[in-house]
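Colleague: Note that the protein sequences, when read in sequence, are chains W and G.
Sequential numbering from 1 applies to the first sequence in this note's numbering.
Sequential numbering from 1 applies to the second sequence in this note's numbering.
For the record, the hints were derived by calculation from the structure and aren't laboratory data.
Please note: incorrect hints may appear among the correct ones.
As the list makes no split between identical chains, a pair holds if one copy fits it or if it spans any two.
In silico SDA-like cross-links for lysine to any residue, where the CA-CA straight-line distance does not exceed 25 angstroms [stated by the list, open to error]:
| hint | residue 1 | residue 2 |
| --- | --- | --- |
| 1 | K187 | T148 |
| 2 | K163 | D616 |
| 3 | K185 | Y262 |
| 4 | K287 | P407 |
2 protein chains.
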Amino acid sequence: MTETAKLAKVVFQPSGRRGTFALGTPLLDAARSLGVYVESVCGGRGICGRCQISVSEGTFAKENLTSSAEHLEGASEAENRYASLRNMAADRRLSCQAKILGDLVVDVPTDAQTNRQVVRKRAEARHIEPDSAISLVGIGIDEPDMETPRGDIDRLREALATKTGLADLTFDPILLPQVQSILRKGKWRVTAAIHQHLNAPPVLVALWPGEKEAVYGIAVDIGSTTIAAHLCNLQNGRTVASAGTSNPQIRFGEDLMSRVSYVQMNPAKLPDLTRSVRDAINALVGKLVDDVGAERADVLDATFVGNPVMHHLFLGIDPVELGGAPFALAASDAMVLNARDLALDLNPGARVYMLPCIAGHVGADAAAATLAESPYSRDDITLLVDVGTNAEIILGNRDRLLAASSPTGPAFEGAEISSGQRAAPGAIERLRIDKETLEPRFKVIGVDEWSDEEGFTEKIDSVGVTGICGSGIIEAVAEMFLAGLITEDGVIDGAMAERTPRVQARGRTFSYVIAEDGVEISILQTDIRAIQLAKGALYAGVKLLQDKLGTYRLDRIRLAGAFGSYIDPKYAMILGLIPDCPLDGVAGVGNAAGTGARMALLNRGHRREVEQTVRDIEKIETALEPKFQEHFVNAMALPNKVDPFPNLRTAVDLPPRDALPEVGNSGGERRRRRRRSG
Amino acid sequence: MTETAKLAKVVFQPSGRRGTFALGTPLLDAARSLGVYVESVCGGRGICGRCQISVSEGTFAKENLTSSAEHLEGASEAENRYASLRNMAADRRLSCQAKILGDLVVDVPTDAQTNRQVVRKRAEARHIEPDSAISLVGIGIDEPDMETPRGDIDRLREALATKTGLADLTFDPILLPQVQSILRKGKWRVTAAIHQHLNAPPVLVALWPGEKEAVYGIAVDIGSTTIAAHLCNLQNGRTVASAGTSNPQIRFGEDLMSRVSYVQMNPAKLPDLTRSVRDAINALVGKLVDDVGAERADVLDATFVGNPVMHHLFLGIDPVELGGAPFALAASDAMVLNARDLALDLNPGARVYMLPCIAGHVGADAAAATLAESPYSRDDITLLVDVGTNAEIILGNRDRLLAASSPTGPAFEGAEISSGQRAAPGAIERLRIDKETLEPRFKVIGVDEWSDEEGFTEKIDSVGVTGICGSGIIEAVAEMFLAGLITEDGVIDGAMAERTPRVQARGRTFSYVIAEDGVEISILQTDIRAIQLAKGALYAGVKLLQDKLGTYRLDRIRLAGAFGSYIDPKYAMILGLIPDCPLDGVAGVGNAAGTGARMALLNRGHRREVEQTVRDIEKIETALEPKFQEHFVNAMALPNKVDPFPNLRTAVDLPPRDALPEVGNSGGERRRRRRRSG
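Bound conformation, chain W alone (with noise of 0.2 angstroms):
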């Protein structure tokens, strides 16, 4: 007995995207098949609670529907959990719990919005010495005559492959139907741009009537959350303008595995994902070229560099086989490809260079990064961390260079921590606790004051303060460890509970609270272990990688990436987020792997020199490695249960180390586990 199903509108605001869907269908979902963007980090399981909306009550003539709450059904029970918890607005909903039971006009709030804008990323200053794959070359040739009948782009050829000594040019045809009407416009004087890539033939790609001055090249970054592209002028090697803007897969899935869970359960929908991302990086080379006034054709050269879904996606490869073991990629080594056969909206000549994966969960971004730093030049050791869902690991010297990658999870992305956001204005980013007071002061994204300084409680109201953004909850933990209100094992005493009302009772657990103006913002115990299991997985990443190499010395850590840019060395030490080091040895190095695709993009040792070191970089696959497992246990400590951390304890005073119960074994474990088979 089948009920036929009910539908009802939904329109979206401030977009004013529309549609119609069965009753019963969540909203998350209603948003995303409209390309609505509503932020979600969870999965849908309620939280998170970035999906906020509310719902517009009323009759809106012009969409011919009446819009109420109650056209949304009640409540899960997550939903009021979460609500309970972080004292969610009467009037919002998390669309991904409230189902629609009616018409609706749903508005998605402005504070969801922004983060979407936010893009930290930016050219790095770095000088690049210019040979790039392009090259030009004025030549002038003969008017054709009857007497010798050769066709005008084969004579163009030989003459070019006079000039220039390249004996194997080759033409690419897409230039057929143009250069009758170049060579005429140009009166038998053209500008010509060869393509060559290493031992790959040289071929021409480009011609222009007369002398042309300038050509470009594109490095793109396609980060999982942002997509980052710099312009370069290929002749003197210059960075002329970038920008950013999100990765629009993002309404796909927040994270690189939700994006392949998507693809394994809406296989026709991969040519979807990977147009989403083309268009977005057509669009930034829109806009670049605009800044600098010069035009899509004269963009002949592009790189790219991304994490290996990223790669995969981007190149229209199902991603599927990434989403489990063993991790196989479909191609891993350096291409050249045609633009054109990507659809991306350069010269139609133009060329692209896809930097080599070093393996399943170490992609291409990692791979640029290593040629930003060249750790493999150094005879000090380097340690290079790229922190995201995936942590990449470099470490080595010209000896011996390893890498491998380690599931950090989204937490420090601000994902899995209750107050957690991304890095945008409102985000608490640093943070301090006094150790008498135990009272917080902290410093938000969008305000330049601390929060006990003069002008903040005035500016404070613009931007708010929303969350808590990964180099926040770094130094909220490191810092809670300091004053003693966390245990080496990272419980929250309940006994500080007496000396201050912010630390609070939470069930059979403690909470930190750090504001309760507006949004209540406060570090659960459920979110220090968030971050305890995410820095443990880095931290035992790199201790294998040092297992492997045979030596615990370390000279310096590089910190690559939005997140590495904006952590303090010191707090993510304290942390144990990374191994100890002279703390001047540390330093964040922004957005290496962007400066990786600049640099094979404008020279072409550059790419010789990536491709080289991938061949001959040692892949460690963590989760085949027994050891992994114990370096983890003893990772979850702060900052770790038996690595001594000599170079920090002689910069910082850390509370005295005790005996910390095993994890696994802990009561709450114990209490847990006892009340579900109960």
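Fit chain G to the known structure of chain W by using the hints.
Modeller: Just chain G, lined up with the frame of chain W:
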């Protein structure tokens, strides 16, 4: 004072295509804009009579219009002339002359339609040693493991490079999205197709799970009238299916130059011409693979030949430079292209080999015919002629080979001939004249019996006698010459009217009536003049090459193309269409261009051979040679004013030679000039 254009609805039957047109639009233009096939060979001058249509009168409820013959503008002077001369049926109109004045339902008669269907190209029997550019390699690779996390396609490429010894093997990026599923489906055993063209790097272009038995290639001859395609097994070299179709570009212009001028007048329509020929080829491929139970994806390679205009239009190149001196080709050398870049629906990794063009008027079809006949590997001297609107002429032996083209015009294809038509049922293809009675007897395509044989009268009713095709005109003029009906200078002798009523005065000249039942079929003085101009141009081109070669010795004549296959060598020689030569040394070689295309498809040695031949061949531009005009004037006579034709005279009893008044100073010419100025 402009008047708003009024519109009329026009429906063409039997196709049912319909459109709305401004009043005053010629009906032929309306038909073409809708893609309705209406033959026309005279360029809309009201001369050829091929574009006849009739108007269906009455009110058509379904179409909501009333159609009337009065909705076409009254007959033009040209149309009246044609109608009186050729006894056009009262209900017929010439669509090139008739302009739309109101709503119409137009019937395109079946006799116009049938011409479209007749395609006489087939694969000539020829053994070709198989050594194609595609090789199949079966290979197994290890399953991926986490210890060596290299891309599946990179491991496959490397294993293939090792197995085949092709160190510089690359892969077509089209394989990227497929490689993982194919490897897994084949349980890590696959069959790879590798493309290896001469000195280009080898490329992995296709992949199948497990074993793959047969792969195919197509060899295509793109004629301006007909497209012929052969499907060949790339492993054993066998031609397994052949098919032909009309070139749909005909609707943009009957002959080459009318298509060039169409593009010149309508540059935005160039993609339409390109698309139409590619679509036709895709349809042919569909038919060919269906015939043998294969699939499009089994087609891995393709070769194409055609004259320079067909070559350029197929590649999407504007052919206008070919329309005037110096007839500059955009591209002439052989090329390897991706089939997908030409919108060919074959295997996505399929390659295309374009045979080289020799000169602006001597195309890849002539190069292919030269490959098929290989005069360059013989001691005796060969003349190879492909007669079309342009005759392509190759002369020489292993010591020297010369090439030229000569503008014969479309007379040999039945155009510019009052009763002319293409080789199709109803066309007179053979003709004899009794020297005593001066009575003709003839053979019609579609009827086995000659017109004086038993059974002819009964059978002819079903096809009718509709016109005279190229081979029929050759024989008619030659037989009229042998019978004394025309003089050596090609003038129909009015004195013969005393001996036969078939010689009739037409104004100041005479005609010879072949048939009068139904359609009148006559040879007019202007018809003979057209044939003289065509054969004179061809002969002059040959003579010029003989001058250059330094010998008039000729051992073999090879007549390529449909026309060459159907004309009788003896009559061609009587007419002076070809030079004197032992009669048994003359042979038709059918679709030699198609044979050459198959040779280049199936054997890479033949590609090298044709490329070398085209490089070495000496190109002679007849228009630049001062002696061309003299040769042309002499060649207007039957068989020739100065050349003795000793071999022909031993075989045929030619009329005695007489003094010919100089062409250009003939009485007729003078009279006409006087009339114009008067």
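Colleague: None of the hints should be skipped; say for each whether it holds.
Modeller: Against the structure, the hints:
no.	hint	result
1	K187 / T148	within (19 angstroms within a copy, 56 angstroms between copies)
2	K163 / D616	between (38 angstroms within a copy, 24 angstroms between copies)
3	K185 / Y262	between (51 angstroms within a copy, 22 angstroms between copies)
4	K287 / P407	neither (35 angstroms within a copy, 54 angstroms between copies)
In the structure shown, a violation is registered for the earlier hint numbered 4 alone.
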